[in-house]
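Asker: Given next are the chains, with one letter for each unit.
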Amino acid sequence: MDITNRLANYLVEISLDRMPQEAVSRSKVLIRDTIGVALAGSVQPTSEIVIDYVRYLGGSPQATVFGRSFKTSAPNAALANGTSAAALDTDDNSWVLIGHPSGSIVPAVLAFGEEIGASGRDVIEAHVLGLETGHRLAKGMQPAQYQRGWHSTGTLGVIMCTAACAKLARLEPQEVARAFGIAASLAGTIRGNFGSMTKPFHSGTAAMNGIMAVSLVKRGYTASNTIFEHPYGYCAVTVGKDNVHLKAIEEALESGSYFFIDPEAFVGVKLRPCNSAAMVAIDNTIELAKEHDIKPEQVESIEAGFTPIAVDIADRIKKPRTGHEAKYSLTYPIAISVVDREAGIKQFTDERVQDLLVRDMVAKVKTYVHPDLTNLALHDLAACHVMIKLKDGREFTKYGVRPKAYPGGKEATPAELLDRYREFAGLVLPKDKIDRSVELLDRLETVPHISELIGLLSAA
Amino acid sequence: MGPTKKLANFVAETNLEDIPSHVVEEAKNLILNTLGTILAGTAIEKTAKIGIDLVREAGGKPQSTVIGGGFKTSTIMAALANGISAHATDQDDTDWRIVAHPTPCILPAVLALGEHRHASGKQVLESYILGVEAEGNVGLGVMPMSFLTGFHGTGIFGHVGATVGCCKLLRLDAKETETALGIMGSLVSGIRHNVGSMSKPLFGGNCAKNGIIAATLAQMGFTAVEDILEGTHGYARCFGGPEAQPERMVRDLGKPYIIESPGITYKGAPCGTYGPVLTEAIQDMMKEHDFSTDQIAAIELGTNPAAPSLMRYVYPNDTLEAKYSVPFIIAVSLVDSELTLRQFTDEKIQDPKVREVISKIKLYNHPDLPASPDPSRISAAQLSRTYITIKLANGKEYSCWAETARGYADKPLTEEEILERYRGFASLVVAARPIEQTIKIVKSLDKVMDIGKLMSYLGGR
Chain D
0 MDITNRLANY LVEISLDRMP QEAVSRSKVL IRDTIGVALA GSVQPTSEIV
50 IDYVRYLGGS PQATVFGRSF KTSAPNAALA NGTSAAALDT DDNSWVLIGH
100 PSGSIVPAVL AFGEEIGASG RDVIEAHVLG LETGHRLAKG MQPAQYQRGW
150 HSTGTLGVIM CTAACAKLAR LEPQEVARAF GIAASLAGTI RGNFGSMTKP
200 FHSGTAAMNG IMAVSLVKRG YTASNTIFEH PYGYCAVTVG KDNVHLKAIE
250 EALESGSYFF IDPEAFVGVK LRPCNSAAMV AIDNTIELAK EHDIKPEQVE
300 SIEAGFTPIA VDIADRIKKP RTGHEAKYSL TYPIAISVVD REAGIKQFTD
350 ERVQDLLVRD MVAKVKTYVH PDLTNLALHD LAACHVMIKL KDGREFTKYG
400 VRPKAYPGGK EATPAELLDR YREFAGLVLP KDKIDRSVEL LDRLETVPHI
450 SELIGLLSAA
Chain G
0 MGPTKKLANF VAETNLEDIP SHVVEEAKNL ILNTLGTILA GTAIEKTAKI
50 GIDLVREAGG KPQSTVIGGG FKTSTIMAAL ANGISAHATD QDDTDWRIVA
100 HPTPCILPAV LALGEHRHAS GKQVLESYIL GVEAEGNVGL GVMPMSFLTG
150 FHGTGIFGHV GATVGCCKLL RLDAKETETA LGIMGSLVSG IRHNVGSMSK
200 PLFGGNCAKN GIIAATLAQM GFTAVEDILE GTHGYARCFG GPEAQPERMV
250 RDLGKPYIIE SPGITYKGAP CGTYGPVLTE AIQDMMKEHD FSTDQIAAIE
300 LGTNPAAPSL MRYVYPNDTL EAKYSVPFII AVSLVDSELT LRQFTDEKIQ
350 DPKVREVISK IKLYNHPDLP ASPDPSRISA AQLSRTYITI KLANGKEYSC
400 WAETARGYAD KPLTEEEILE RYRGFASLVV AARPIEQTIK IVKSLDKVMD
450 IGKLMSYLGG R
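Just so you know, the protein sequences line up as chains D and G, in that order. Using numbering that gives the first Met the number 0, read the first sequence as starting at 0 and increasing by one per residue. Using numbering that gives the first Met the number 0, read the second sequence as starting at 0 and increasing by one per residue.
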């Protein structure tokens, strides 16, 4: 089966005017949200180091580093901005991909788009096709790739960024196929690094390598043009020959669907800056704490039942010591949701994690695989059953399947999403720039030069 | 103590004084050899030219020399270009037990970072040797599973070598080295399917670039897990699956150094490793039995079952595929009576005489050769072992086993041959006097105060 070739043709054929309006408007929401989280992330310690390093290395002034006042080469800017977008772990994600797509695609597309002079329309088109490439491949590879230990944000991310940049560069189908070949040789990010600065780095390297793959192909660099279907190709190598379902990828390619807006495979705005498996647990716990006005000192214990995959994703660190580790635990997000009745970026700081009262609460949280949750579909992986026992013997329970701002979960209103953007951007940018960026992002498809928008994201 | 910690301690605590002097001397030869392949790559391979163009346009502070490019750029971009160039002709060296080319990944990283940090020749040597040592040992913990899955050793093990080399060069302590290895774990990549395209040499550049990034970020305080080799979703599991042996990765560090035994082999021809092994054996048969190319009616090659995946092209479409086509390599060497860079041209690929000989060559699985290599006994001989049968038009038939070629441990090159080989490669870019200067510097590398001196001869243009 010539999946590489078909995917390449698909990318070349589809253009914005053939996309449903819903896809375009949803893409705009996700692009704005990603820019917001990248701006907020640009002042996190993780990004500070990567940005300092990129500044130190220097580069031709092709693309803007968000939240700073310098430009550098497009690959270097993408490395910095991709890391910034993922630094808080509140960038959008998809449970079909089991990863965060826009955190790498948007930085790649903006950096490369700035270098080559793309329009707003080009950027949306590339973003949508990047997302769709990832979802189509994921149909035949997930959850096997993730279960093998790969962090799909990076391993699928580099493929998605390559697809998006290939679209921006208007490559021919044969060139697109080769760009995938190069990207596959650059793909590799492993879950062992969850809970450290190196996890967000995966989005940065995916963005950087996607640009490199396309830039090399543009200059005539060669690679395999059958990289997805070959027995030693991308799919077989990352998930094992027997676990690849090329047929499923093929069907997805023929479907004509836009998977990223499909209710079952939706890319969700991720309101909580922690692992996605904990998000329903957070919603449940905050609701219980508010409904019953539960004070931390009243709590005897908390039992939280999860799906097996949620436990696989995030239950390694039981007693986190840093903000980073806290993001990749299941115990801490629940504990802090009782204590603070909130789980935003202020809750995942080292200071908060090391607070002794919070630590006491973490010790009271017990996690387990809930027997009723073992056969759920992948996109229901965050389903959670929370029971809070109080010292006076009362017990409160809540069950939920989808988190807020995801389909099937509680809706996040446009106003809430705009507030989120303003809050995040406000950590770095003055109000006038934010206002102007909101206006441009609102009518992104009519912006002739993306540099007009990107110029606003610089601190200069 | 876990394997990651053991490796980090070994790297942090071992210095050049602790390494036997014959290992150091051989390391100098290996370094010289790869400097040669880098220079040759920049002179004749389009692959290298594209790499250099890419980094020139991306730009960067003038920290390190782009060999053969005539300019300096940031450490990582220089390493990217130099690593691609090093592997572009595919005539660089091999660590057979892990089926990987170590030096094109490690040396460009150590040189680019070393030039910028004004490292001494001694630092470069110890960083390089420890890189080779770490790479070759870590690889043994996931071989042959990684190979059979489809990962390319040059990519996935080269990251270890380059990262360790850069850690040592930056004098990171054991803790920082653990972190750098953790960061590296998230940068590692390399799949076999790209063999026969420009994206094979990309392994060299990508490893070198990422090794610098991992070590430098660790020095700057970036964090990563401390048990990357053995951790639940870590290196061993991702690349070796459930059969991986993390303990094996650190069992034999420095006992003895790989450079001493089993040794890093030189490759006699710019193509896949079967090329020199089979062509040398065939040439020997022709001398011994005194027959010529014209008399050959058929050549049958009994290989192990892994061989077709290593060398999968029959009638190659371009010069890169030609490097991994056993029939082409044998045919062109029979027609031309040599196997050098001159044989890998579009003209030779189209040559009807060569194509006629290709049609006489047949590969089959030899019944005596194992389905998959035994991880505890992987060797050059085992992997390339092939039963050659040549049938002549007059009905005579000759057979022999081929295992190794010149430059392998059992048939070492002489000192003079190594120097001649280097001169041949370097002369494509560098004038005669500076070539001799670079030989002098590398031969006394342990006494060189600043590696920048060597690099100043290698810019070219």
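Read the hints as simulated data drawn from the structure, not as lab findings. No experiment lies behind these values; they were computed from the predicted model shown. Honestly, I wouldn't trust all of these hints.
Claimed, not checked - Each computed BS3-like pair below joins lysine-lysine, with the alpha-carbon atoms no more than 25 Å apart:
hint, chain 1, residue 1, chain 2, residue 2
1, D, Lys217, G, Lys4
2, G, Lys4, D, Lys317
3, D, Lys217, G, Lys174
4, G, Lys45, D, Lys318
5, D, Lys388, D, Lys432
6, G, Lys174, D, Lys317
7, D, Lys217, D, Lys345
8, G, Lys361, D, Lys318
What the hints assert, rightly or not - Coverage of chain D stretches by chain G, computed from C-beta distances (three or more under 8 Å per stretch; other residues unrestricted):
hint, segment
9, 189-195
10, 223-237
11, 364-370
A virtual CB, placed ideally from N, CA and C, is assigned to each residue, including glycine.
Asker: Confirm or reject the coverage of the segment 189-195 of chain D by chain G under the rule of 3 or more residues with a beta carbon closer than 8 Å to the chain's beta carbons.
Answerer: holds (count 7)
Asker: Measure nothing beyond the straight line between the CA atoms of lysine 174 (chain G) and lysine 317 (chain D); if it is 25 Å or shorter, mark the hint as holding.
Answerer: This hinted pair holds, its Cα atoms lying about 23 Å apart.
Asker: Checking C-beta pairs, does the segment 223-237 of chain D have three or more residues closer than 8 Å to chain G?
Answerer: Holds, because 10 residues of the segment 223-237 of chain D bring their Cβ atoms closer than 8 Å to Cβ atoms of chain G.
Asker: Taking 8 Å as the Cβ threshold, is the statement that the segment 364-370 of chain D is covered by chain G upheld or broken by the three-residue rule?
Answerer: It is violated: at least three residues are needed, and the segment 364-370 of chain D offers just 0 whose Cβ sits closer than 8 Å to chain G.
Asker: Tell me if the straight-line CA distance from lysine 4 (chain G) to lysine 317 (chain D) falls inside 25 Å.
Answerer: Roughly 23 Å between the alpha carbons, so the hint for lysine 4 (chain G) and lysine 317 (chain D) holds.
Asker: Given the proposed pairing of lysine 361 (chain G) with lysine 318 (chain D), does the C-alpha separation stay at or below 25 Å?
Answerer: violated (62 Å)
Asker: Taking only the CA atoms, is the gap from lysine 217 (chain D) to lysine 174 (chain G) under or equal to 25 Å?
Answerer: violated (41 Å)
Asker: Do the alpha carbons of lysine 217 (chain D) and lysine 4 (chain G) lie within 25 Å of each other, as the hint requires?
Answerer: violated (43 Å)
Asker: Mind checking the alpha carbons of lysine 388 (chain D) and lysine 432 (chain D) for me, to see if they're no more than 25 Å apart?
Answerer: Cα-Cα ~48 Å, so violated.
Asker: Are the Cα positions of lysine 45 (chain G) and lysine 318 (chain D) separated by 25 Å at most?
Answerer: violated (53 Å)
Asker: Verify the proposed pairing of lysine 217 (chain D) with lysine 345 (chain D), using a straight-line Cα cut of 25 Å.
Answerer: violated (44 Å)
Checked against the numbered hints given earlier, the structure breaks hints 1, 3, 4, 5, 7, 8, 11 and satisfies all the rest.
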